Amino acid sequence: MQSVAKQIRKSSIDSRHSKSSSSTGWQTISVSDTTAQQSQAETQVLSELDSPLPSAIDEEPTTVEDQRLKQLFRNLSINDQLILYNEFRLLPQACNALWRAKYKKLDFRELEKKLSGGSLCYFLNYMMDHFKYVYFQADRLQANLNVLEKAGVKTLNSVQHCELLLEPSGTRSASDSECESVSFLRSKLIKGGDGEGDVATERNSFTMAQWPLHALPKLLRNLRRLKVHCDVQVHFIEHFENLQQLILYAYISQTALTGILERCTHLKRFFLKADTKNLHIHNIGKCQELQDISLPTRIFHMEREAVMALPDLQLLELTHCERDPNETLECLRFVLDEQRTANIEIMQLDCSCFDGPRWMRQVGLRQCSRLRGLVLINCQFNDREIADLEMPAVQKYLVFSSCHDLKEYQLLDMVKRCPKLCELYLIDCPQLTGQVLHGIYRIRRSETVDFPLNIVLSRCNQLREDYQKMYANYWYFKLPFIKVERMQEENRAIEDIQIFFYKKDQDMPSH
Numbered sequence: 001m002q003s004v005a006k007q008i009r010k011s012s013i014d015s016r017h018s019k020s021s022s023s024t025g026w027q028t029i030s031v032s033d034t035t036a037q038q039s040q041a042e043t044q045v046l047s048e049l050d051s052p053l054p055s056a057i058d059e060e061p062t063t064v065e066d067q068r069l070k071q072l073f074r075n076l077s078i079n080d081q082l083i084l085y086n087e088f089r090l091l092p093q094a095c096n097a098l099w100r101a102k103y104k105k106l107d108f109r110e111l112e113k114k115l116s117g118g119s120l121c122y123f124l125n126y127m128m129d130h131f132k133y134v135y136f137q138a139d140r141l142q143a144n145l146n147v148l149e150k151a152g153v154k155t156l157n158s159v160q161h162c163e164l165l166l167e168p169s170g171t172r173s174a175s176d177s178e179c180e181s182v183s184f185l186r187s188k189l190i191k192g193g194d195g196e197g198d199v200a201t202e203r204n205s206f207t208m209a210q211w212p213l214h215a216l217p218k219l220l221r222n223l224r225r226l227k228v229h230c231d232v233q234v235h236f237i238e239h240f241e242n243l244q245q246l247i248l249y250a251y252i253s254q255t256a257l258t259g260i261l262e263r264c265t266h267l268k269r270f271f272l273k274a275d276t277k278n279l280h281i282h283n284i285g286k287c288q289e290l291q292d293i294s295l296p297t298r299i300f301h302m303e304r305e306a307v308m309a310l311p312d313l314q315l316l317e318l319t320h321c322e323r324d325p326n327e328t329l330e331c332l333r334f335v336l337d338e339q340r341t342a343n344i345e346i347m348q349l350d351c352s353c354f355d356g357p358r359w360m361r362q363v364g365l366r367q368c369s370r371l372r373g374l375v376l377i378n379c380q381f382n383d384r385e386i387a388d389l390e391m392p393a394v395q396k397y398l399v400f401s402s403c404h405d406l407k408e409y410q411l412l413d414m415v416k417r418c419p420k421l422c423e424l425y426l427i428d429c430p431q432l433t434g435q436v437l438h439g440i441y442r443i444r445r446s447e448t449v450d451f452p453l454n455i456v457l458s459r460c461n462q463l464r465e466d467y468q469k470m471y472a473n474y475w476y477f478k479l480p481f482i483k484v485e486r487m488q489e490e491n492r493a494i495e496d497i498q499i500f501f502y503k504k505d506q507d508m509p510s511h
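Using UniProt numbering, you'd call the opening residue of the sequence shown number 1 and step up by one each time.
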């Protein structure tokens, strides 16, 4: 409320200033007159607060709204009370400006905790053309839609981002109006578009009504981004004509998926997170504008040629790699074909599904001649020579995270192979000590480079302690060759395989 009062104060001052500076005959008001008017207004406000309500109100019981308004007014300072008293006509305008700036997200998880009744209806009705994001509770979707209908909201034309969220299983109620069944053991046959299906057996499962989903395309006519955390068994997503980003975290039926790929031809990002058996993407080639795609390894393996033929592909993410490591290796070999390796810019791999480091040679990692960045997580090196593994020369940055058996000589060999390296990230590599820094310094000094190697450390305790002990007397003077800093914040660990490709008009980086 104080922020609203400040806006009203500013509007009032601007208005009075424009009047006083006009030459159309405004009467000059002396300072003493202004002071007298303010003193009179203060006395009037205080007397009205301390005196009983007007007789018209005294004749009837005081309403809840009257009591809340009076209590709210008492909590304000006398200065803010005067502003509201004198400029109350500007209050709706100030509130509306504040709401439009602050409440761009319509979140049904929190909305009804803060507003109810007429206040909720007024707020939704006024803001329906100003919301940019909406977050529905998928398991209470019909209840959420009823709230909008009661407020007279038929469309949310400004919303471009929507998420269908599920509450944690422990917070759901069996009496929920949209809960068809909550059972300790459920087994059902989920039919796909080709007549085949999966037998899905779930404990403590929650079946969500699907019919309210059909109302969303008409409500969100200009939607661009959609994230779905619930199962999708009906056709509704393909009716979002302008959809550009779709992320599916749960099960989707084959017929619904086919409809999406047939009609959502403007998709630029498509992430299919759930690994559902007997699901295919035969018509992925119709989405010619796709740039980023995430697929379970099994699905990519079946449609790898169609996916790699997408003309604007910039990101390929392979998930559920641990299901079949051999299939994952086969997919990587296909992607790292000699005709494609020159277009690969960055690779990020969680290597936990591989047995040892031999996969590097098996997939032909060395063929990536223009690689700007390489991120290896949970990689086992098994005391193998880097030369034997045929690791590629990286142009800009290297990241080793949770590589618990990475030896100092192996790291030095990698630095030698990458003379243009700018950044080296070492995260949770416990076998590295300060000795490796001396080796890196000697390598960088012998090379004709005019920039230092920036080394970023996290959870490499021995290495960091050794560096700090010698910083003032030694490493400070080596800053032109090597800089060491501590990572301020770690990002979420990568759990899959991500391959980034150069854009068609993007040239190879140079220093």
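It is possible that part of the hints are untrue.
As the list claims (entries may be wrong) - Think about it this way: if two alpha-carbon atoms lie no more than 25 Å apart in a straight line, the pair counts; the simulated BS3-like pairs of lysine-lysine are:
#, residue 1, residue 2
1, 104, 70
2, 70, 132
3, 478, 396
4, 273, 227
5, 114, 132
6, 420, 469
7, 268, 154
8, 113, 102
9, 102, 132
10, 102, 273
11, 105, 286
Think of the hints as simulated: they come from the structure by calculation, not from any bench.
Keep in mind that this is a model prediction, so the values were computed, not measured.
Hint check:
| no. | hint | in the structure |
| --- | --- | --- |
| 1 | 104 - 70 | 30 Å, violated |
| 2 | 70 - 132 | 34 Å, violated |
| 3 | 478 - 396 | 21 Å, holds |
| 4 | 273 - 227 | 11 Å, holds |
| 5 | 114 - 132 | 19 Å, holds |
| 6 | 420 - 469 | 29 Å, violated |
| 7 | 268 - 154 | 28 Å, violated |
| 8 | 113 - 102 | 17 Å, holds |
| 9 | 102 - 132 | 11 Å, holds |
| 10 | 102 - 273 | 32 Å, violated |
| 11 | 105 - 286 | 33 Å, violated |
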